[in-house]
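Engineer: Which chain is which? The protein sequence lines are C and H, in order.
Here UniProt numbering is used: position 43 in the first sequence is 43, and no number is missing along the way.
Here UniProt numbering is used: position 108 in the second sequence is 108, and no number is missing along the way.
Be aware that a few hints might be false.
In silico PhoX-like cross-links for lysine-lysine, where the CA-CA straight-line distance does not exceed 25 Å [to be verified]:
| hint | chain 1 | residue 1 | chain 2 | residue 2 |
| --- | --- | --- | --- | --- |
| 1 | H | Lys12 | C | Lys203 |
| 2 | C | Lys118 | H | Lys53 |
| 3 | H | Lys180 | C | Lys108 |
| 4 | H | Lys180 | C | Lys115 |
| 5 | H | Lys147 | C | Lys118 |
| 6 | H | Lys53 | C | Lys16 |
| 7 | C | Lys127 | H | Lys12 |
Since the hints were derived computationally from the structure, they do not count as laboratory data.
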Amino acid sequence: MVQYNFKKITVVPNGKDFIDIILSRTQRQTPTVVHKGYAISRLRQFYMRKVKYTQQNFHEKLSTIIDEFPRLDDIHPFYGDLLHVLYNKDHYKLALGQINTARNLIGKIAKDYVKLLKYGDSLYRCKCLKVAALGRMCTVIKRIAPSLAYLEQIRQHMARLPSIDPNTRTVLICGYPNVGKSSFINKITRADVDVQPYAFTTKSLFVGHTDYKYLRYQVIDTPGILDRPFEDRNIIEMCSITALAHLRAAVLFFLDISGSCGYSIAQQAALFHSIKSLFMNKPLIIVCNKTDLQPLEGISEEDMKLIMEMKAEAMKTLIGQGGEATSDQGVLLTMSTLTEDGVIAVKNAACERLLDQRVELKMKSKKINDCLNRFHVAIPKPRDQKERPHSIPQAVLEAKAKQAAEKEKRKTERDLEDENGGAGVYSASLKKNYMLANDEWKEDVMPEIIDGHNVYDFIDPDILQRLEELEQEEGLRQAEEADDDFEMDGRELTPEEQQALAEIWKKKSLLIQQHRVKKSTAESRPIVPRKFDKERQFTTGRMGRQLSALGLDPALAINRARSRSRGRKRERSAERGANDGGDIMDMDVDTPNKKQRLRSLSRSRSKSRPPGEIVPGEGFKDSYQKVKAVKLAKKSTKKRNKDARRGEADRVIPTLKPKHLFSGKRSIGKTQRR
Amino acid sequence: MPQGDYIELHRKRHGFRLDHFERKRKKEAREVHKRSEYAQKALGIKGKMFAKKRYAEKALMKKTLAMHEESSTRRKVDDDVHEGAVPAYLLDRENTTRAKVLSNTIKQKRKEKAGKWEVPLPKVRPVAEDEMFKVIRTGKRKTKQWKRMVTKATFVGPGFTRKPPKYERFIRPSGLRFTKAHVTHPELKCTFNLEIIGVKKNPNGPMYTSLGVITKGSVIEVNVSELGLVTPAGKVVWGKYAQVTNNPENDGCINAVLLV
Numbered sequence: 001m002v003q004y005n006f007k008k009i010t011v012v013p014n015g016k017d018f019i020d021i022i023l024s025r026t027q028r029q030t031p032t033v034v035h036k037g038y039a040i041s042r043l044r045q046f047y048m049r050k051v052k053y054t055q056q057n058f059h060e061k062l063s064t065i066i067d068e069f070p071r072l073d074d075i076h077p078f079y080g081d082l083l084h085v086l087y088n089k090d091h092y093k094l095a096l097g098q099i100n101t102a103r104n105l106i107g108k109i110a111k112d113y114v115k116l117l118k119y120g121d122s123l124y125r126c127k128c129l130k131v132a133a134l135g136r137m138c139t140v141i142k143r144i145a146p147s148l149a150y151l152e153q154i155r156q157h158m159a160r161l162p163s164i165d166p167n168t169r170t171v172l173i174c175g176y177p178n179v180g181k182s183s184f185i186n187k188i189t190r191a192d193v194d195v196q197p198y199a200f201t202t203k204s205l206f207v208g209h210t211d212y213k214y215l216r217y218q219v220i221d222t223p224g225i226l227d228r229p230f231e232d233r234n235i236i237e238m239c240s241i242t243a244l245a246h247l248r249a250a251v252l253f254f255l256d257i258s259g260s261c262g263y264s265i266a267q268q269a270a271l272f273h274s275i276k277s278l279f280m281n282k283p284l285i286i287v288c289n290k291t292d293l294q295p296l297e298g299i300s301e302e303d304m305k306l307i308m309e310m311k312a313e314a315m316k317t318l319i320g321q322g323g324e325a326t327s328d329q330g331v332l333l334t335m336s337t338l339t340e341d342g343v344i345a346v347k348n349a350a351c352e353r354l355l356d357q358r359v360e361l362k363m364k365s366k367k368i369n370d371c372l373n374r375f376h377v378a379i380p381k382p383r384d385q386k387e388r389p390h391s392i393p394q395a396v397l398e399a400k401a402k403q404a405a406e407k408e409k410r411k412t413e414r415d416l417e418d419e420n421g422g423a424g425v426y427s428a429s430l431k432k433n434y435m436l437a438n439d440e441w442k443e444d445v446m447p448e449i450i451d452g453h454n455v456y457d458f459i460d461p462d463i464l465q466r467l468e469e470l471e472q473e474e475g476l477r478q479a480e481e482a483d484d485d486f487e488m489d490g491r492e493l494t495p496e497e498q499q500a501l502a503e504i505w506k507k508k509s510l511l512i513q514q515h516r517v518k519k520s521t522a523e524s525r526p527i528v529p530r531k532f533d534k535e536r537q538f539t540t541g542r543m544g545r546q547l548s549a550l551g552l553d554p555a556l557a558i559n560r561a562r563s564r565s566r567g568r569k570r571e572r573s574a575e576r577g578a579n580d581g582g583d584i585m586d587m588d589v590d591t592p593n594k595k596q597r598l599r600s601l602s603r604s605r606s607k608s609r610p611p612g613e614i615v616p617g618e619g620f621k622d623s624y625q626k627v628k629a630v631k632l633a634k635k636s637t638k639k640r641n642k643d644a645r646r647g648e649a650d651r652v653i654p655t656l657k658p659k660h661l662f663s664g665k666r667s668i669g670k671t672q673r674r
Numbered sequence: 001m002p003q004g005d006y007i008e009l010h011r012k013r014h015g016f017r018l019d020h021f022e023r024k025r026k027k028e029a030r031e032v033h034k035r036s037e038y039a040q041k042a043l044g045i046k047g048k049m050f051a052k053k054r055y056a057e058k059a060l061m062k063k064t065l066a067m068h069e070e071s072s073t074r075r076k077v078d079d080d081v082h083e084g085a086v087p088a089y090l091l092d093r094e095n096t097t098r099a100k101v102l103s104n105t106i107k108q109k110r111k112e113k114a115g116k117w118e119v120p121l122p123k124v125r126p127v128a129e130d131e132m133f134k135v136i137r138t139g140k141r142k143t144k145q146w147k148r149m150v151t152k153a154t155f156v157g158p159g160f161t162r163k164p165p166k167y168e169r170f171i172r173p174s175g176l177r178f179t180k181a182h183v184t185h186p187e188l189k190c191t192f193n194l195e196i197i198g199v200k201k202n203p204n205g206p207m208y209t210s211l212g213v214i215t216k217g218s219v220i221e222v223n224v225s226e227l228g229l230v231t232p233a234g235k236v237v238w239g240k241y242a243q244v245t246n247n248p249e250n251d252g253c254i255n256a257v258l259l260v
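Chain C extracted, bound-state conformation (with noise of 0.2 Å):
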């Protein structure tokens, strides 16, 4: 089928690869172990198989590529002229038939030796027979390689060549060098052809693609060609006389009437002449260019009948087209590639009359006839002769103009940009539209991290709220506290008990947060009973010194303590009834008063949120649910924790001796040890 895209073909690889390949897979996939005490059908076999695999290897690789590569009379004309022109056809075709005698060159040698091979009464003369095989093919891959290395060149070149399709729409411009085929083309389609002020710069065709009435155009744009006869052309000429020959396509003859090419109107038109064989059943259309250097108007009298002979040429492709010989105004045009006057114009009538030449033959063709039966325009009868033209009401179209007078009033950002400097310049302020309650704060920088804290973990919208409530608490439980300390004895003290009260208090609620600090760091590791003191902490010495520090006489103290160390179980519960009195030592019950009046009294360390409020990322419904998946969580490390046992995040080796240490061989080293 007619292929226009070689990019399919796969990589020839070059001569030693290739043979690196091969063999390299023929050891893989084939056993590799044979000994000799086989029995000799089973020696015969082993090495016959490998003979048989490599010589199939080769053949198939071999089938690929002169598969893959084009065949020249197989293509389309167009293609097989490029590639004619290219790379030599002879040299090419003999490349693929060298390839094709290796590969039957190599079947015979495997054939060959796989008939010695029945003969192998040994190992030895058997793997001898084997080792010739292989070498023997692996020189005849050496030898044909300088024919891989021409094919791979040849198979990198073809993936590049630009994809034209020989049977869509065409449009070729061709002309002298220099006349302005590329400018054109890079103005009319989006290809990027290097357009430079000296000749020959495009050496290949280039292709881009255009649109018109909806349908899709190739252009093709050529090198320029000079007028000299045929067989002196270099291989860049070739290539656009062939793309002139072969494709069916309108031509755009483009003509410098400016002679800035150059070369003057009468060198041009002789060209014109010389190809003009080339122009049949093509619609031509002559195209001058440059008009902003020279108007047409402007030019002498004998290249003004040079042109006139050179569209009478045109309109007899005209006529032998369609039939309308009257309209000349699709065969000689004028415009400017510079100024953009008449580009628009000539792509039009270029595509107009490629259209009307290809819609004509396929009505003449006989495929049409299925088509024009499934075609069925429906026009809806006009009932009577009145008009009744479309009618947009006034508000839609006052608001549509009011719209468009908006969007250009509005002033953008980039406007701005563009009015103070530019990007380098100006910096937008991203801030300025944002809404504070007080104006002033827009522009503020804010801090992200304080004393190694993060600001955000403390940043809560209610703060001010809480803040109030927080202070309004604090002073009904001061208020409370003076109360507590009122209700405590029920008498008035005096100055110095008030103050040995205070400090009592204090050393008190001091003790209170130390073991509550312990407590809550208690659940993740062991308590470690008070019978356990090492360090002699908590001697009745240590209590004695303090409380003679404080001012106090301790001997009460230390009698009581010491009578309570030697028999606490029994004398607890008599004792309980007489303890509740001016108890200091007992452990306090938590109450939620005095847990946040210790938190509002210290700044030991700042607290952040408290446990049960919920933060919006963390996925709990309501603050009961996550104190409860809290508790969960604790309570379940918790025995743990005690008993000094392994947890969760302990390290854990659950194999001791893993299979793949202890045992296997090594690929190269001893394995003494392991």
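Put chain H on the given structure of chain C with help from the hints.
Structural biologist: For chain H alone, kept in the frame of chain C given last:
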């Protein structure tokens, strides 16, 4: 014609990346380490092949270095001894040459009669009969063992027809029959694929010669008409002797050296 030059086009229009040359230089510098790491890590056949390639490169590099280091130093020149140079104490004597001048053809004829040639392989390993032949058991009960099959390469000649199978004692299988040999000319050092005309002598015995068995060291006669040799008299030489230099049953081909 190919238009896949996007990279060059981009470079032409926009120039190189700002760190392009730096990166390129560093990458090339790193190649050395990468190559050595691969050379140390590669195991097995891959390692061997890579080591071989590297060794070849190393030898080439050493040669080029030596070539560059060649300097023109003056060395003591040892004058070559001329042919026929005579030490000083013999200078005054007249030497007589004792040589019998005989024509070449007579010499050849004598050699042929004697059956001795100057051959490249004067001594070859003797091949035992049990290595040469394989015993074929025949008969209804496979008890008769008088047939033998040749296990080495043979040459039978174009007009060969087997004896009737019942009476044929020595079987020369067609898979082991060769008609062509790769003959090397010792002076020209090039090899030709020439047809065998016959087996002249097999060093293991006349029986093998008559059977046409070709082993290492046997002398065969080959058709050298494509070499275009001419005798001094003007006649075209079309047959010459060559000695087999390999084991044809192991290699699948006969390599021989022309006896000039």
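Engineer: State for each hint whether it applies.
Structural biologist: A quick look at each hint next to the structure:
1. H/Lys12 x C/Lys203: Holds. H/Lys12 to C/Lys203 sits at ~17 Å (cutoff 25 Å).
2. C/Lys118 x H/Lys53: violated, 36 Å
3. H/Lys180 x C/Lys108: holds, 16 Å
4. H/Lys180 x C/Lys115: holds, 17 Å
5. H/Lys147 x C/Lys118: Within the cut-off at roughly 19 Å; holds.
6. H/Lys53 x C/Lys16: It holds: about 12 Å lies between the C-alpha atoms, which stays within 25 Å.
7. C/Lys127 x H/Lys12: This hinted pair is violated, its Cα atoms lying about 59 Å apart.
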